[in-house]
Structure formats: structure tokens, C-alpha cells
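Participant: Place chain S on chain F using the hints.
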Amino acid sequence: MGGYILKRLVSAVPVLLGISLIVFVIMAMIPGDPATAILGSYATPENVERLNRYLGLDRPLWQQYLTWLGNLLQGDLGRSFALNRPVLDEVLERFSATLILAGTAFVLCALAGIVAGVVSAARQYGLADKAITFAVILGISVPSFFLGMMLILLFAVQLRWFPVSGMYAVWGGGGPGDLLHHLAMPALALSLVATGVIARLTRGAMLEVLRQDFIRTARAKGVPERRVIWGHALRVAMVSVIPVLGIQAGFVLSGAVYVEMVFQWPGVGRMLVEAILKRDILLVQGGVVFIAACYVAFNIAVDVAQGLLDPRIRT
Amino acid sequence: MAFSSLTRRGFAALTAALLATSLPVAAETPPGVLVVGQIAEPQSLDPHAVTAVNDFRILMNVYDGLVRYAPGTLEVEPALATGWEISEDGRTYTFTLREAVRFHDGSRFDADAVVFNFERMLKEDHPYHHTGPFPLSFFFGAVQSVEAVDAGTVRFTLNEPYAPFLSNLAYPTGLIVSPAAVMQHGADYGRNPSGTGPFRLAEWKANESVVVTRNEDYWDGTAATEAVVFRPISDANTRVAEMLSGGIDLMVEVPPVALSQFAAPAFRIVEQAGPHVWFLILNAKEGPFADKRVRQAANYAINKEALVNDVLEGTATVAAGPTPPAFSWAYDDGLKPYPHDPDRARALIAEAGAEGAELTFYVTEGGSGMLDPVAMGTAIQADLAAVGFDVKIETYEWNTFLGQVNPGLEGKADMAEMAWMTNDPDTLPFLALRTEAWPDKGGFNSGYYSNPQVDALLEAARASTDQAERARLYREMQAIVQDDAPWVFVANWKQNAVASDRVEGFTLEPSFFLLLKSVVKN
Chain F
1 MGGYILKRLV SAVPVLLGIS LIVFVIMAMI PGDPATAILG SYATPENVER
51 LNRYLGLDRP LWQQYLTWLG NLLQGDLGRS FALNRPVLDE VLERFSATLI
101 LAGTAFVLCA LAGIVAGVVS AARQYGLADK AITFAVILGI SVPSFFLGMM
151 LILLFAVQLR WFPVSGMYAV WGGGGPGDLL HHLAMPALAL SLVATGVIAR
201 LTRGAMLEVL RQDFIRTARA KGVPERRVIW GHALRVAMVS VIPVLGIQAG
251 FVLSGAVYVE MVFQWPGVGR MLVEAILKRD ILLVQGGVVF IAACYVAFNI
301 AVDVAQGLLD PRIRT
Chain S
1 MAFSSLTRRG FAALTAALLA TSLPVAAETP PGVLVVGQIA EPQSLDPHAV
51 TAVNDFRILM NVYDGLVRYA PGTLEVEPAL ATGWEISEDG RTYTFTLREA
101 VRFHDGSRFD ADAVVFNFER MLKEDHPYHH TGPFPLSFFF GAVQSVEAVD
151 AGTVRFTLNE PYAPFLSNLA YPTGLIVSPA AVMQHGADYG RNPSGTGPFR
201 LAEWKANESV VVTRNEDYWD GTAATEAVVF RPISDANTRV AEMLSGGIDL
251 MVEVPPVALS QFAAPAFRIV EQAGPHVWFL ILNAKEGPFA DKRVRQAANY
301 AINKEALVND VLEGTATVAA GPTPPAFSWA YDDGLKPYPH DPDRARALIA
351 EAGAEGAELT FYVTEGGSGM LDPVAMGTAI QADLAAVGFD VKIETYEWNT
401 FLGQVNPGLE GKADMAEMAW MTNDPDTLPF LALRTEAWPD KGGFNSGYYS
451 NPQVDALLEA ARASTDQAER ARLYREMQAI VQDDAPWVFV ANWKQNAVAS
501 DRVEGFTLEP SFFLLLKSVV KN
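Here the protein sequences come in this chain order: F and S. 243 is the number that this note's numbering gives to position 243 of the first sequence; each next residue is one higher, with no gaps. 373 is the number that this note's numbering gives to position 373 of the second sequence; each next residue is one higher, with no gaps.
Treat each hint with caution, since some may be false.
[As the list claims (entries may be wrong)] If the Cβ cut is set under 7 angstroms, some of the chain F residues that face chain S in the computed set are:
| # | residue |
| --- | --- |
| 1 | Thr36 |
| 2 | Gly56 |
| 3 | Leu61 |
| 4 | Gln64 |
| 5 | Leu66 |
| 6 | Thr67 |
| 7 | Ala82 |
| 8 | Pro86 |
| 9 | Ala156 |
[What the hints assert, rightly or not] Per the computed footprint, the stretches of chain F lying under chain S, defined by three or more beta-carbons under 8 angstroms from a beta-carbon of chain S, are:
| # | segment |
| --- | --- |
| 10 | 27 to 35 |
| 11 | 237 to 246 |
| 12 | 280 to 290 |
For the record, the hints were derived by calculation from the structure and aren't laboratory data. For glycine and all other residues, C-beta sits at the position ideal for the given N, C-alpha and C.
Just chain F, same shape as in the assembly (with noise of 0.2 angstroms):
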């Protein structure tokens, strides 16, 4: 197993170089550089040549990108021009941001959905599922930043009951209860797309298991409907349901740069957006790998795992 482990490890080197050489590559050829990114009105071919000689730009791309691999082995990221501080800071401060807002929306959009997608499979045609059904919908059409931006007027500006943006309270904020106060609208936005895809497929699951013998043999014996929907049917319909959640979360996680400029929210999709119109080449490169680094850590997690379950995968 150790020499399973080791070999995906290593076959991972090579994705993360590759994608570091892609994003520098991309960022290299997009028109504008950081020097009049920085310079902007002054940006005289003198200023900008001083400059990017002072921030070692001037150097063939080659020896820029060596330098920044020899300086990543050491864990070194380098410096963000724009924000003038080490790109690891910024990116680990801005991730865990990220992760709080898409955690917190996929821990909403799962509970959700799967009780809207139960209780309208349980009174299929009913009221209740007609109004579930008629809410997913709705949730599924509507864009979050849209959303996002109804909150705010409402909840607000208007009833003054949430923050409209940020993460903390500028002035004497702090602590869980100042962030679940900030977190909650921005979460509610990010996560009612996924609720509403979620709930439609826990209810066509659930419809096919509840048509299923040992639904009517449960039944017969006199188990409780509600364990019966719950217990029974619901443990069943679960396993066509998590490989949605998986996919969801790599959603909630990829919509979260729509919301996070919303709702001003400090996380790493609005820092890499912001990054590249800056032509902050080291914080995009930092960002972009580190975020890669996550993903593919990830599944070799997952793989890991099958093989610890699977014995024939472990080759």
C-alpha cells in the first residue's frame, strides 16, 4: 500500500509542473505586464523598463520561471507586486475564507436537499411536493449573484437584519457569532442552486427505491412510515445520491468567486480574479498551483481510498 501511495504521489509532480508551466506561459502572453499594470498613466517604456528590471522581469522567460520553481521547492511563493506581501499568506488566508463560505453552503445545500427531495418523494403529487418542486425550480433558475444581490436590498438594506458585506464586523467584531452573522446571506446564495439539483435527484431516487418489495414488505410488517421513508428508503437512495453531493461540492466551490464578489466575501476566486486584471503574475501562479495542489491531493486521497476498499485497483 506504501508503494501505492508513493506512486501516485509521484505521478503527481508532473501534473503540477505542468500546470505551473501553462498558467506562467498564459500569463506571459496575455497582452499588458505588471510594470503598467503598476504604472498605469506613467507608464513611459523608461518607467516600465526601470521597473520590471527592478522586479526581475526583464530577464529571459525561461530563468523567470526556473527561479520560481527553484523558489516553490524551498516553499517560497514569492511576492505579490499588487499587494506587496507574500503570495502563501494572502493565499492560505484567502483559502480558508473560500472553504469556510463553500463549506458551510455545501453543509446547507446537502441537508436541504436531501429533506426537500425525501418529504417530496413521500407525498409525490401532493402539496407539499408541488411547492418543493416549484421552490427547486425557482432556486435552480436564478444565478447566485443574482440572488446575492436581492438578499442585500432585502435583508440589509432594507430590514437591516444581515451585514451586506465582509467577513467581520470592521469596528469590534470578531468571533463566531460576528462571522455566522456575515456568513449567513452569502452562504444561503451559494448554496440554493446545488439544494435545488440535489433535492430533484434525492426525490427520483427515493421514487424508485419506494417502489421497490422491501419497501411494501417494511410497510406490511408494520414499521413505522417514518422509519420506512427515513430508515429504510432513505439508506438505500443515498447511494445514488452521494456521488451528486461529490460533484456539487466541486460546484459550490467553483461558484464561489460569483458570490464572493457580491458579498465582498475575502476568498481566493475574487483574490485570483482581481490578481489577473492586476497582472499579479506570482499571486496567480501561487493561487492557481496551490488550488491544484488541493485538488490533486484530494484525489489521491479518494483513489487511496477505493484502494483500501478494492484491492484490485492497488496496481
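Facilitator: Relative to chain F, chain S alone:
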């Protein structure tokens, strides 16, 4: 029924949870603490390392320069220097420094500190030159040497007479940082700043807020608020929502379309014209605009009144020439803008034989000072179509756009949008209208305008240290440039801000800086 009772309980629990989280009802900002909605996270609080107006807004409250702009003007007055003398030949500036001023870190402000500041920026072998980069250090490119005559006197020697030197010292790049703090923090100085200003940095939470608190020992009277919190809110709609909900007390750069939402007694809209000009660069080297009559025709054809009133909702005024009126001492107020006169334009075009010409027009999606470039570009396209031009728009993202325009329009385009904000009437024409400023010579004259008379006037104005003489030269230059029409002069932006009714004593400065020392927050 089992399910309905479960869902009912679920709903009750959900409602309770919502109520519980909403108990600390979105707090009003506390008295004595001013919360300012900024447009982005600051890059650094090292004034020598930054270029963005967004960062200047904080810096001007944390630092002082040797000189500053007198309130409400763009004229220089003493600050950390109590006075100065300029030598006959305009090459030596001797400043007398204010005594007993200390930086926030407790170290003393003196002539050695001033020398350290400028040498760090300008000398590549200075031990702290690596704490940069210093992108705007060319503002002081004329400085040959800085020396401390004694603790209270500092002398700058320039390699040639350079009249904008004083107003460059009033710019954020001229603010004075604490040498002791630079030595202590090195490359991280930008996050651990120490100046002499009315506020000192208390806390910087990345991507959330920059908090500055009152400097109780300020040499020019203590500030009226206890603290100012700068919040980066890059999305304009969210910034407006924060202002409406009371989450911030003051916001800058209100989108024109949102202004009407603040027409309530709870808010006050503040406007101030500044040294900004929005124009179209015309390619005077080739194509139809090589003919002066066609360039003038474009100035007549475009309805600037409609642009500033309808597209920009009155947040700008019509520009008459290359120099913004905010430079009142150098502005020729006899200059009248080209009127909107399509018939006159058609006649000029016919005279030049350029009817129905096809034009390529570079438009940007956004960018510093560009206002609403896509909508403005579209309106301009329609105005030019009305006089018979076939205008093809090419739109680029800002950095890409600069990469297209700055190297020159030759062989690519006939016209391009552009906007500048400067601190001295010298800057823009010197960098963008002289023959010596053509792109191949390292300037911004992307339309290849050339008039030896304008060149001579601008060189003379830069060398003169007499403000009245400089003013006369700039006025003469403006009249010639307006007639030559190397640009279509479109708009001068009025910077705006919205303050809540709990904010008192807030004004905007023509310099576009945000000075908060005398602002009261109730």
C-alpha cells in the same frame, strides 16, 4: 402526520436560528469612528511604493510632506518645511524644517530623515533601495543630490531647472517616512508604516480593513475623529448597498447611476472638480486625422454636453482644452469648448475631402479615470456617424488597452480614448503633446502631434520658477493646442463622494486627495 410535524419543527428551528443570528442587528457605525468605503485593498502604506489614488486616500492622513496643497486649491503651502528658498538659476531649493516633530514610532523628524527618504528612492546603491519598487520616483528624477545642511535645513540640487518640483513634493510620492521604521521592517515597511500625519496605523486586517487612530501629538492640531476605518469594497453595487444600509459613513467614487439613490436627507453628496481630463487621442500622422480640419470637425461633431449630462449624469463638465480648469492659476478661462455643430463639421470634412472615411476607434472597458468608457465610446461613434464617418470600435481590457495605445496608434487606429489625472499643469502636455514625447522617444504622444511652438512653450514653462510667467506660457499653449485639435477635448470629471448625515465637516479637495483630519463623526 409524522412528516408535517417534522417539517414544522424544522421550520421552527430554522426560524429560531435565523432570529438568533440576527440578534446583533447590523450595527450602526460607532460615534467618533469614521468608516470609509474604498474601492480596493491598498497595495502598501509606503507612499514611495504606490501609484493608486485609492492608496493615496489613506496615506495623506498618515503622513506629511515637506509641502502640501493649500485647502481647496492646487497651490503649494508649507507643511513639514516652514519655508523655502529657490536659487536664481532654479536649480537649488533650500528648505527650513519644522522643529520638534516626531514620527509615530517616536523617532525624530530632521534633515537626515529627509535625505534618507529621497536617497532610498533615487540611489540604486542605497542600503534600503531594495525595499521598493519606487515606480513614481521619476517625479524626482531631476534631483541630483539632497544634503542636510544642518539638522533643520535640507538642500536639493537639481540637474536642470524643473518648475513642477514643488508640486511633486506635495504629491504622495513626496511624503516623508520614518527612516527608523524602514530600517526596522525592511521590505515589510509597507504594512508597518510610520509617518508624522494626523492619524497613525492601528491595525491592518488584510482584505477587511485598515484602521488608523488619532495622533494625539500632531503638530498641526489633533484630528476631530478618534479613528478612521478604511474598508475595501471593490464592487460598486455592494459599496452603494453598504452606504444605504449604514455599514459605512462615507463612500468615494459613487457610480453616476447610483447618485439618485442618495437624494435623501440622510445623505449628503459632495462634488469637487479636479485635475482630470478625458479626451480622444487622434492619429495626426496618417489617415483622415492627419488633416487639422478633420480633427476640428471631430471636435465639432461630438456632442459633449450630452456625454456629460446624459451618459455621465452630470458628474463631469465639458472640457475646453488640454488643461483642466482645476489648475486655476494656469488655466485659460477665456477658452470656450468647441460647440456641438454637425453642419460645421460636415463642411470641414467636405473641405478636406474626407467624407465617409472609415475610422478605427480604440475603446477600453474601464480603467483609472476612464469614467464610463464603453457607453461614452458608443455615443461618440453615433455622433461621428451623424457626420458621415464609419467608425469601427475595438474594445480592450484596460492593461491590454494601454499596451495597444501607449506604443502609438500608427498602423492600428485613428482614435483612442484616454484620461489623465495629474498634480501639475506641466505633466500631461509635457508627456503627451511634445514632439519629443512621441512613443518612440519614450513619451505618451500616441497620436504624433507636433508643433514646434508648443514644444518651445512647454520647455520654457518647465524651466521658469516664476509662477506668473509659467501661467502665461501654459495659457498660450492651451490656445494653440485647442486650435490644432490633436485631441477631442471631452470632459473634466468631478470627483464625488457621499457622506451620511452623521458626518460633519467633510469636503473633497481638487487634488483628489481625501483629507479627514477635520471631519467629525457623530
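Participant: All hints, please: hold or fail.
Facilitator: Going through the hints against the structure:
At a threshold of 7 angstroms, the smallest CB-CB gap from F/Thr36 to chain S is about 5 angstroms, leaving the interface hint in force. For F/Gly56, the shortest C-beta to C-beta distance to chain S is roughly 10 angstroms, which exceeds 7 angstroms, and the interface hint is violated. About 17 angstroms separates the beta-carbon of F/Leu61 from the nearest beta-carbon of chain S, more than 7 angstroms, and the hint is not met. Because the beta carbon of F/Gln64 sits about 16 angstroms from the nearest beta carbon in chain S, more than 7 angstroms, this interface hint is broken.
With its C-beta approaching chain S no nearer than about 22 angstroms, F/Leu66 sits outside the 7 angstroms limit, and its interface hint is violated. Hint status for F/Thr67: violated, given a least beta-carbon distance of 16 angstroms to chain S, over 7 angstroms. At a threshold of 7 angstroms, the smallest CB-CB gap from F/Ala82 to chain S is about 6 angstroms, leaving the interface hint in force. At its closest, the beta carbon of F/Pro86 sits 9 angstroms from a beta carbon of chain S; the interface hint therefore is violated under the 7 angstroms criterion.
At about 5 angstroms, the closest approach between the beta carbon of F/Ala156 and any beta carbon in chain S falls short of 7 angstroms, and the interface hint on this residue holds. Against chain S, the segment 27 to 35 of chain F contributes 5 residues with a C-beta closer than 8 angstroms to a partner C-beta. That satisfies the three-residue criterion, and the hint holds. Check on the segment 237 to 246 of chain F: 0 of its residues sit with their Cβ under 8 angstroms from a Cβ of chain S, so the three-residue criterion for coverage is violated. Look at the segment 280 to 290 of chain F against chain S: 0 of its residues bring a Cβ nearer than 8 angstroms to a Cβ of that chain, fewer than three, so the hint is violated.
Violated hints for the displayed structure, listed by number in ascending order: 2, 3, 4, 5, 6, 8, 11, 12.
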